[in-house]
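**Student:** With these hints in hand, go ahead and build the complete structure from the sequences.
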Amino acid sequence: MTALGDSIHKSLTELEVKLEANRCLYCYDAPCMNACPTHIDVASFISKIAQGNIKGSARDILSANPMGASCARVCPTDELCEGACVYRKDDSPIRIGDLQRFAVDWAMRSGDRLFEPGAPTGKHVAVVGGGPAGLSTARDLRLKGHAVTIFDAHDELGGLNTYGIVPFRLSTEVALWEAQQVVELGAEVRAGVRVGEDVPFESLLDGFDAVVIACGMGSVPRLGIDGEDLDGVWDALDFIERVKTGTFAGELGDRVAVIGAGNTAIDALTCAKRLGAERVTAYYRRGESQMSAYGFEYEFAKQENIEFRFFCMPLRILARDGRAGAIEFARTELRQGALRRVEGREFVEPVTAVIRAIGQSRLEATLNAFGVETESGVVRVDDDLATTRRGVFAAGDCIYAKGTREAMVVEAAEQGKLAARSVDAYVNAERRNDG
Amino acid sequence: MADLRSNLAGIVSPNPFWLASAPPTNSGYQVMRAFEAGWGGVVWKTLGTPITNVTSRFAGLNYKQNKMVAMNNIELITDRPLDENLAEIRECKRAFPDRAIVASLMEVCEQKPWWELVKRVQEEDIDGFELNFGCPHGMSERGMGAAVGQHPDLIEQVTAWVKEVARVPVVVKLTPNITDVRVPARAAKSGGADAVSMINTINSLMGVDIDTWNPIPHVDGKSSHGGYCGPAVKPIALNMVNECARDPLVGLPISGIGGVEFWQDAVEFFLLGASNVQVCTAVMHHGFRIIDQLIDGLQNYMDERKLATMESLIGGSRDRITAWDNLNLNYKIVAEIDQESCIHCSKCYIACEDAAHQCIDRSVIGGVAQLRVDQAHCVGCNLCMMVCPVDECITMVQVDTGLPPESWKERSRKTTVGTP
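Read top to bottom, the protein sequences are chains X and Y.
Per my numbering, the first sequence runs over residues 1 to 435.
Per my numbering, the second sequence runs over residues 1001 to 1420.
Don't take every hint at face value.
Okay, the calculated bits of chain Y under chain X, using three or more residues with CB under 8 Å as the criterion [claimed, not checked]:
1) 1339-1349
2) 1363-1369
Under the rule of at most 30 Å between Cα atoms (straight-line distance), these lysine-lysine pairs were calculated in the DSSO-like manner [said to hold, decoys possible]:
3) X:10 <-> Y:1064
4) X:89 <-> X:18
5) Y:1064 <-> X:89
6) X:55 <-> Y:1067
7) X:89 <-> Y:1067
8) Y:1222 <-> Y:1064
9) X:55 <-> X:144
Computed from the model, here is a short list of chain X residues facing chain Y with C-beta under 7 Å [claimed, not checked]:
10) 25
11) 86
12) 219
13) 223
14) 248
15) 251
16) 347
These are computed hints drawn from the structure, not numbers from a lab.
Note that the coordinates shown come from a computational prediction; the quantities given were computed from them, not determined experimentally.
Cβ coordinates follow ideal geometry from the N, Cα and C atoms, glycine included.
**Tutor:** Below, the structure written as C-alpha cells:
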C-alpha cells in the first residue's frame, strides 16, 4: 500500500532536469507565462536552470509567485502553463511544473535568502488570514517596506495549503516553508487569533493603516439529510486537517463513501484509500463530464483504485450500531441541463464512513460583521480588490465567485499581489494626504 | 548502385571515407577494427621520433545538451616506436589489402631525417604519405607541424625532399592557422605534392573552469593552446577546401577534413571540390560503427540522384562560390511563415525585431501570437528562418523584381562614382 506521506511528485533526476530545461525554446512573450495567473517568466526561469543559475531561477519564480513552492505541486499545469506550451501540439509540453519544483526545492534546501524587505514606510497593514492569498499579500507588502501583521485562526500559517490539501500532494513542510519566507521578511504573526471573535474587526481599522481580508471560506456545507450527525460522518476538510496534523483518531472502516466529485472530494477519497480503507467510492449526483475535479486529479484517483458512481443523490444516512452504516441514494438524471430525481430507483449502499465534500460554505456572517458588502457570501470588490469599506481590501477564496475567478492557490497568490499593490497605492495616497 | 570507389591522386579505396591521422588510427588494433567496420582507408597516426604525451589531452565543447559540437586536443604524434607501428601497418595491410593505408609523417626540417623516414616507412606496402605540416601544438614549438605549414618556403622544400625518394603519392596536410590557405597549397604544389588535405586543427583554447579558474583541459593547473576540430569547424574547412579547389595555381586533388559526422557533411565536401573525406572527431564521439551511416546515406543519396560515380559528385558546387561582387544584386527573396505549422513561439519576431529589420508583424489574438512577414520591407536575410524551431515553417520565397541580374561589379562599371 502506498504510504500516506509518499508524494505523488517524483523529483526529476539531474539528467532529466538538464534535458528538459534545454528542450525549452525560450519563447518570446511566452504563452506559458501568459497562461500563468501570476505571470511567472517561465522561459527565463527555465533558461536559468539550463545555465546552472538555480538561485536566479528560484527568485524568478518566487518573485512572481510567493506560493511558487505549493503551486509547483497543486497547480493544474495541464490547464495553465503546460497547456499553453508551444510544444503541446507536436511534441509533449515542457514539464514546467516539475522544473519549477526543482528550482524551488533547491531554494528550500539551500536556505539562501532570496528577498529583502523594503525600507520601512511607517505604515502598518493587517492581513486577516494567513493562507495563500494572505501570505502573498503580506510578502509583497513587506517587499514594499510596510509593516504587516497576519491574523490567523489556526496555530500555523498556510491556510488550506497547510491544513486542507492532502500530504501526498502538498506536505506540511512545504506549506510551512512558504509561510516562513514571509515571516523571515518581518511579517508579524498572531496565530490562533480569530478576528471578529478574539479581536474585534473594528480594532483593526483603528490600529492599522489598511486591512486585507483573506479569510477564505468555511467548512463543508451540510447535506441536509437524516443521519448526518451520526458518528462516522465527516466534513472532508476537517477530515483532511486531522489527517494532516496527525490528530485523526476516527475509524473509517473498509467502505468509505465520499459525497461530491470536486478536487477536495478527490483529496478525501485518495486520503481515505491511503489510510487503508478497502473500498472507497465517490457518489456524485451529476455525471462524469460535470464533475469539477481537474482531469489529472480524476485520473490520479482512478489510479489509486477509487470508484466513481455518478447520478446518485444521498437521501439519508442509515445507522448501524449507532454509527453511519449505510446510505440510501436516489438515482438522478439530467434532462435539458436540469437535474431530476428518478423515482423508484432508490438503492442502499452499506458504508462504514461518510465524508461530505460538496464544496465550502461562505463566511457570510463573519464578513457582514466586518462591515463589507457581500453578494451570496462573496465579498464584493472592485478591480483593485478594494471592498466597499474604505481602507479594506480582500483577496483569495473569500472573493471567489463561481464563474468569475478560479479557486486555485495560484489565483489566490495573484490576488494577494494585486491586493498588496492596491494597499500600497492606498497608504501612499493617505500619507500624501497626511503630509 | 552508385560506385563509391574513390581515387585521391592514385590512392584508391573502396569508399571515400578515411580515418584522419589521429587517436583512432593510433594502433593496429584500432585500424583492424576500423577496417572490419568498413572504413575505406586510414591515415596512420603520425610517425616520427616518438614523443611523451601529457595527461589530460582532450576537451569538448558542448552546446546545451549536445556534447562535443567541437573538441580540442593537446596530444602529440605517435608515442610508440616506429618499428612497432610499421609491424602493425604490415599486419593491417595483409588483412585488408583493398583498403588505403597512408602514413602520416613528421620530422625536423632537414633533408636527411626526412629521407630516412620516408625510405624506411615505404618498405612497408603503404599507399601514400601524408606530410603533417599542420599540428598546431607541441610539435610546432620544436620546429615541426604547423611551424612548417606556416612557412610556404619550408612546405615547398620538405615536400620536394620527400618527393625525391617517395615511391607512392604524397599528400600535404595543411594548417588552417594561416591567412590565405591557397599560399601554402601552392607551395605544396611547387614542391611536387600529389594532393593536399585540409584542414588540420585550429589553434584554440577550449575554456576555463570557472570554479577552479583552471584552463580546460589542464595539466597540473596549466594548459597550452590546442587543436580545434569537430562539427563546429566544418564551415571553416569547407571554405578552405573550396578556395583551393577553385585556385588554378593549386590544381591538386583535395582530401577534405573538418567536422564530418554525417553523410550530408561529406556530400558538401565533395560538392565543393574534395575527392574524399577524413573523419576523426565523430569516431572519437561514437566509434567506428558510424561508417555504416556514412556509406549507406551517401549510397542512397547518389542512387536517388542517379549519380553513378564519385566523380559525378566531386566539385558539383565548386564554381558556385565566387567573390561577393559577382553576386546578383537584383535577386530578391522574402520570408514566408506557414501559418499551419507555426507553433507561435515568437522567436522569429524577436530576432527580426531586435537583430534584423523589424519586418515581422505580431498580434496576439485570443492569447495566441499571430506572426506575419511584412514582405514589402523584408530584406530576405534568413534570420527568422534560422531561429524557427519548426523545419519548413518559415521559407524564403523568391520575388520577381523584374530586373535583369546585375552584380556590384557590373553596376560599379556603369557608374563613375560609387563605393560598396
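**Student:** Could you run down the list of hints and mark each one as holding or not?
**Tutor:** Taking the hints in turn, this is what the structure says about them:
1. Proximity of the stretch 1339-1349 of chain Y to chain X, defined as three or more residues with a beta carbon under 8 Å from a beta carbon of that chain, is established by the 6 residues found.
2. Only when three residues or more bring their CB closer than 8 Å to a CB of chain X does the claim for the stretch 1363-1369 of chain Y stand; here the count is 4, and the claim holds.
3. Taken as a hint, the residue 10 (chain X) and residue 1064 (chain Y) pair is honoured in the structure, with Cα atoms around 24 Å apart against an allowance of 30 Å.
4. Of the pairs offered as hints, the one joining residue 89 (chain X) and residue 18 (chain X) holds, with about 22 Å between alpha carbons and a cut-off of 30 Å not exceeded.
5. About 23 Å separates the Cα atoms of residue 1064 (chain Y) and residue 89 (chain X), which keeps this hinted pair within 30 Å; it holds.
6. Among the hinted pairs, residue 55 (chain X) with residue 1067 (chain Y) is consistent with the structure: their alpha-carbon atoms are about 25 Å apart, no more than 30 Å.
7. The hinted pair formed by residue 89 (chain X) and residue 1067 (chain Y) meets the criterion: a straight-line CA distance of about 28 Å does not exceed 30 Å.
8. About 26 Å separates the Cα atoms of residue 1222 (chain Y) and residue 1064 (chain Y), which keeps this hinted pair within 30 Å; it holds.
9. A hinted pair counts as satisfied when its Cα atoms are at most 30 Å apart, and residue 55 (chain X) with residue 144 (chain X) qualifies at roughly 22 Å.
10. Interface hint status for residue 25 (chain X): upheld, as the beta-carbon distance to the closest one in chain Y is roughly 5 Å, under 7 Å.
11. Taking 7 Å as the C-beta contact cut-off toward chain Y, the hint placing residue 86 (chain X) at the interface holds, the least distance being around 4 Å.
12. For residue 219 (chain X), the interface hint is violated, since its Cβ never comes within 7 Å of a Cβ in chain Y; the closest pair sits about 37 Å apart.
13. Below 7 Å, beta-carbon pairs count as interface contacts, and residue 223 (chain X) has none with chain Y, the closest being about 40 Å; its hint is therefore violated.
14. Residue-level restraint check for residue 248 (chain X) is violated (minimum Cβ-Cβ distance to chain Y is 43 Å; threshold 7 Å).
15. Violation of the interface hint for residue 251 (chain X) is found here, the shortest Cβ-Cβ separation to chain Y being roughly 50 Å, above the 7 Å cut-off.
16. Annotation: residue 347 (chain X) was flagged as interfacial toward chain Y, and the flag is violated, the nearest CB pair being 46 Å apart, outside 7 Å.
Going through the hint list in order, the structure does not satisfy hints 12, 13, 14, 15 and 16.
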